[in-house]
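Residue numbers (this note's numbering), protein chains in the order written: chain A, 1149 to 1323; chain B, 4 to 799.
If you're looking for bench data, these hints aren't it; they were derived computationally from the structure.
It is possible that part of the hints are untrue.
Below 20 angstroms or equal to it, Euclidean Cα-Cα: the simulated SDA-like pairs (lysine to any residue) are [what the hints assert, rightly or not]: (1) B:K25 with A:G1241; (2) B:K25 with A:G1230; (3) B:K25 with A:T1242; (4) B:K25 with A:T1160; (5) B:K25 with A:L1192.
Between beta-carbon pairs, the in silico distance windows are [to be verified]: (6) A:D1191 with B:K612: 45 to 51 angstroms; (7) B:R516 with A:G1171: 47 to 53 angstroms; (8) B:E556 with A:E1285: 41 to 47 angstroms; (9) B:Q307 with A:E1278: 19 to 25 angstroms; (10) B:K25 with A:G1204: 36 to 42 angstroms.
Note that the Cβ used here is the ideal one computed from N, Cα and C, for glycine as well.
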Amino acid sequence: MQEQEEETPVFTEECDIAVIVNGHRYEQRVPVRLLLSDFLRHDLGHTGTHVGCEHGVCGCCTVLLNGEAVRSCLMFAVQADGMVVTTIEGMAGTNSDLHPIQQAFQEKHGLQCGFCTPGIIMSVHAMLHENPNPSDEEIRHELSGNICRCTGYQNIVEAVRLAAERLRQQQMEVQ
Amino acid sequence: MATRWFGARVQRIEDPRLLRGKGTYVDDIDLPEMLHAGVLRSTHARARILNIDTSAARVLPGVHLVLTASDLGEVLEPSPLLVPHHALTQPRTQLPLALNEVHYVGEAVAMVVADSRYIAEDALDLIDVEYDPLPVVHSLEVASAKDAPLVHADVPDNIAAHLVQVVGDPDTVFASAPHVERETLLMDRGAAMPMECRGVLARWDEYEGMLTCWISTQGPIPIRNGLAAIFHLPEHKVRVIAPDVGGGFGTKIMMFYPEEILTPFAAIRLGRPVKWIEDRREHFISANQERSQFHEVEYAFDDQGILLAVRDKFLHDTGAYTPYGIIVPIITACTLPGPYRLKDYYSEFTVLYTNKVPVSPYRGAGRPHAVFVMERIMDRIAKELNMDRAEVRSRNFISPDEFPWDVGLVYQDGGPTKYDSGNYQAGLDKLKALLDYDNFPAMQAEARKQGCYLGIGIGCYVEGTGIGPYEGAQVRVESDGRVFAATGVTTQGQAHFTTFAQIVADQLGVNPRDVLVTTGDTQAFNWGVGTYASRAATIAGSAMHLAAVKVREKAKRVAADLFEASPDDIELANGKVFVKDAPHRALTLGQVAISANPLRYAYGENARKLMSMNLAGPRPGPALPPERGGPGLEATEFYSPPHGSFASGVHGAIIQVDPKTGMVTFVKYAAVHDCGRVINPIVVEGQVHGGVAQGIGGAFFERLVYDEEGQLINASFMDYLLPTAAEIPPIIVDHVETPSPLNPLGVKGAGEAGVIPVPALFASAIDDALTPFGVRVREMPLHPCRLYELLKESKG
Chain A
1149 MQEQEEETPV
1159 FTEECDIAVI
1169 VNGHRYEQRV
1179 PVRLLLSDFL
1189 RHDLGHTGTH
1199 VGCEHGVCGC
1209 CTVLLNGEAV
1219 RSCLMFAVQA
1229 DGMVVTTIEG
1239 MAGTNSDLHP
1249 IQQAFQEKHG
1259 LQCGFCTPGI
1269 IMSVHAMLHE
1279 NPNPSDEEIR
1289 HELSGNICRC
1299 TGYQNIVEAV
1309 RLAAERLRQQ
1319 QMEVQ
Chain B
4 MATRWFGARV
14 QRIEDPRLLR
24 GKGTYVDDID
34 LPEMLHAGVL
44 RSTHARARIL
54 NIDTSAARVL
64 PGVHLVLTAS
74 DLGEVLEPSP
84 LLVPHHALTQ
94 PRTQLPLALN
104 EVHYVGEAVA
114 MVVADSRYIA
124 EDALDLIDVE
134 YDPLPVVHSL
144 EVASAKDAPL
154 VHADVPDNIA
164 AHLVQVVGDP
174 DTVFASAPHV
184 ERETLLMDRG
194 AAMPMECRGV
204 LARWDEYEGM
214 LTCWISTQGP
224 IPIRNGLAAI
234 FHLPEHKVRV
244 IAPDVGGGFG
254 TKIMMFYPEE
264 ILTPFAAIRL
274 GRPVKWIEDR
284 REHFISANQE
294 RSQFHEVEYA
304 FDDQGILLAV
314 RDKFLHDTGA
324 YTPYGIIVPI
334 ITACTLPGPY
344 RLKDYYSEFT
354 VLYTNKVPVS
364 PYRGAGRPHA
374 VFVMERIMDR
384 IAKELNMDRA
394 EVRSRNFISP
404 DEFPWDVGLV
414 YQDGGPTKYD
424 SGNYQAGLDK
434 LKALLDYDNF
444 PAMQAEARKQ
454 GCYLGIGIGC
464 YVEGTGIGPY
474 EGAQVRVESD
484 GRVFAATGVT
494 TQGQAHFTTF
504 AQIVADQLGV
514 NPRDVLVTTG
524 DTQAFNWGVG
534 TYASRAATIA
544 GSAMHLAAVK
554 VREKAKRVAA
564 DLFEASPDDI
574 ELANGKVFVK
584 DAPHRALTLG
594 QVAISANPLR
604 YAYGENARKL
614 MSMNLAGPRP
624 GPALPPERGG
634 PGLEATEFYS
644 PPHGSFASGV
654 HGAIIQVDPK
664 TGMVTFVKYA
674 AVHDCGRVIN
684 PIVVEGQVHG
694 GVAQGIGGAF
704 FERLVYDEEG
714 QLINASFMDY
724 LLPTAAEIPP
734 IIVDHVETPS
744 PLNPLGVKGA
754 GEAGVIPVPA
764 LFASAIDDAL
774 TPFGVRVREM
784 PLHPCRLYEL
794 LKESKG
């Protein structure tokens, strides 16, 4: 028994981190084994990032890390030290209007229970940044890292198409 | 009054909140002083528990409580049997924690409560359970074998239930039938896999003497009643809330999952809130599953392709327990006749225990199996007689003038299996047009010349929906004119906040956005059952309608008194209540609500306006005359259907099979759906899309694989494949609307429909594509490797 206790790894080590989340800088001391998803949800209260499988397949926990879509359940909070994180709460911010991607999901009925939705919207955000004018096939391929159990994906694909169109238009107006 | 919102493509009211990440799922709620629970689960499918040593876990810093069966006292009771049935002679339900024996891998053995989930899981690792493994029943085949090991030592032959039902005189018909054929058909296990796993948060407030539980469930009211009984609390001192629920699909219409008892137990014991959140690995081995059945079916038909009689005997795998009775196999037996004029039918099923996760309904609930069997029969008749598959179905359809059609069986709710309305041929005609069915053979022949194997399949079904016992609704106009509308059912993505609002808005002449719907909170509405069996829109929707009608009538009476007019001359529209043909004589709905409540201290803008209008002077008698029926504009109504309403549909697909790899891709998918009058087409189409995607998963990707030790060997999303956007094709949806005569809205259920015919039509399409190889599909789900094997077997 004594021996067993000694073999039990100790995870009490903590570490100071500084992370910018949705434009706010947070300096916090966290256990080294704390998942980024738990840090965002329970330490910072950004519960819009959901956790669906904790093994990196379902995509519910997708956030942007320095602009890139990552699975926050597969990362430790300490790995985000010094980085910029955007979660679903950062998409429209405090604006009364939704972000064009969110708006497109509303108009095309791209969500039902809403649990996978934040992760999908973050993935779509990254996808459209890379490829502002994707074909349906490209949309479906890019979405294949996110599982939705409610919608059958059809309306999500339509929402992404609509969002892409509007974002391109917005871009042109800016230029 | 003409309806305006009912039937309109209203965008969902709940969306902005969910899109901003502002939904509230159970794990989003963090309470002060909250502790976290973890559950130790059996690693054996069947074993005696010799000893549980929790000493190391109890002393780990940060651990507050370790529970095993012996710590539970009188709470250590088997869960209730939810739906008893005379044929279920050997029911067994689960203890909150296993006592002397475990019966499946994943069964709860101990719970730890600690400062964090991390520490709770550390402590689980320190619990040492000594098991004495026993022989395992891992399949229906083993369960039904002679001298099989027993799942429960006191249940002979592993038989939980046995039921025979006979309609007409099948023996006589079989004896004289021109053609009689036999088939064996197998359906294996799958699971609902909502994206949000289960979860429970319990808070004991000792000042109020109140237990509050947030549970990711489809049935908070029965759970509230059950918890009150278990903990000897008055029902009004237990509040159960199903907040936003991230998908349910049946797996969350259950009571009790052990954690639903253990978490409040720990919270009461410790006097601190306790949260338990299931992880995906746990979900795979502890949330209920479904689908496994083995059918041996005989069928008789004549030279014209008319089905004369069916004799179906099947085995149903209920897993280690029967928490939900024998609802699933009963639904299978009642669904099998489908849209066809079957008058002589023998149905016999045996429910067997296995050492696997317990079975309760998963979207479709016994129906995909039945439709698979019946549609295989239809395909086979077509093949034997060299007839077109759609034509065989048409010849057997019940025609629109034959309703109500009594199948002759007792349905899951104890009522008759009596189809209220339908037009099956209209659905099939629409489907054939959508798929360009008549031109498919030419397309197929052309493709085959290029070495490309295309197949077309169709699947027809009738789905019992909208069953009782009842649901209710309370509708109340508040002082600002917005409408509170509450019901006991829950919402897991079905858009109730929108569809119920549409129903109420039509009656009260307001915008649906001003109808604030509350579901799944026992404090908001005390009565009801839950969301299952495609019943929420039909039953709770009808109750909403009835309550809203009553409120409208009261608003008319109150306004008529104020305006000194007849109630018949009062109208409600655009948030106003006014005298017909004199729209200047108008009040807002909120003002009428205030005047319906004889307050001394009315406050707010509406109240000020109302007073300044000086409408009706002092009246004789009581301020609240009895004929008013109480203060305010409020009504509570209940709806209880005479029996279930029967929705229907026809789906079809064109697929392409690669015989070299066994891979299948969808070229086209179309669904024609009839759920009576449609409240919101956007929502119904979304339900069909999602159902079809789950159906495709259940036909070609998703199969839970247990090894001989009863270990689920694909218990992760890496190995149990949920279809993604890359696998699901675009789905064309069309509607037939045959209103239900049973309820005031004419609606039928739509939630489960999409999933039901998919295995059947998939098998049909594969047979068709692989006709040159002589493949005949007799099992579901398939997967590329299995299809490749079938190809090899057929070649061999």
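Status of each hint after checking the structure:
no. : hint                                    : verdict
1   : B:K25 with A:G1241                      : holds (12 angstroms)
2   : B:K25 with A:G1230                      : violated (26 angstroms)
3   : B:K25 with A:T1242                      : holds (12 angstroms)
4   : B:K25 with A:T1160                      : violated (32 angstroms)
5   : B:K25 with A:L1192                      : holds (14 angstroms)
6   : A:D1191 with B:K612: 45 to 51 angstroms : holds (48 angstroms)
7   : B:R516 with A:G1171: 47 to 53 angstroms : violated (30 angstroms)
8   : B:E556 with A:E1285: 41 to 47 angstroms : violated (55 angstroms)
9   : B:Q307 with A:E1278: 19 to 25 angstroms : violated (60 angstroms)
10  : B:K25 with A:G1204: 36 to 42 angstroms  : violated (25 angstroms)
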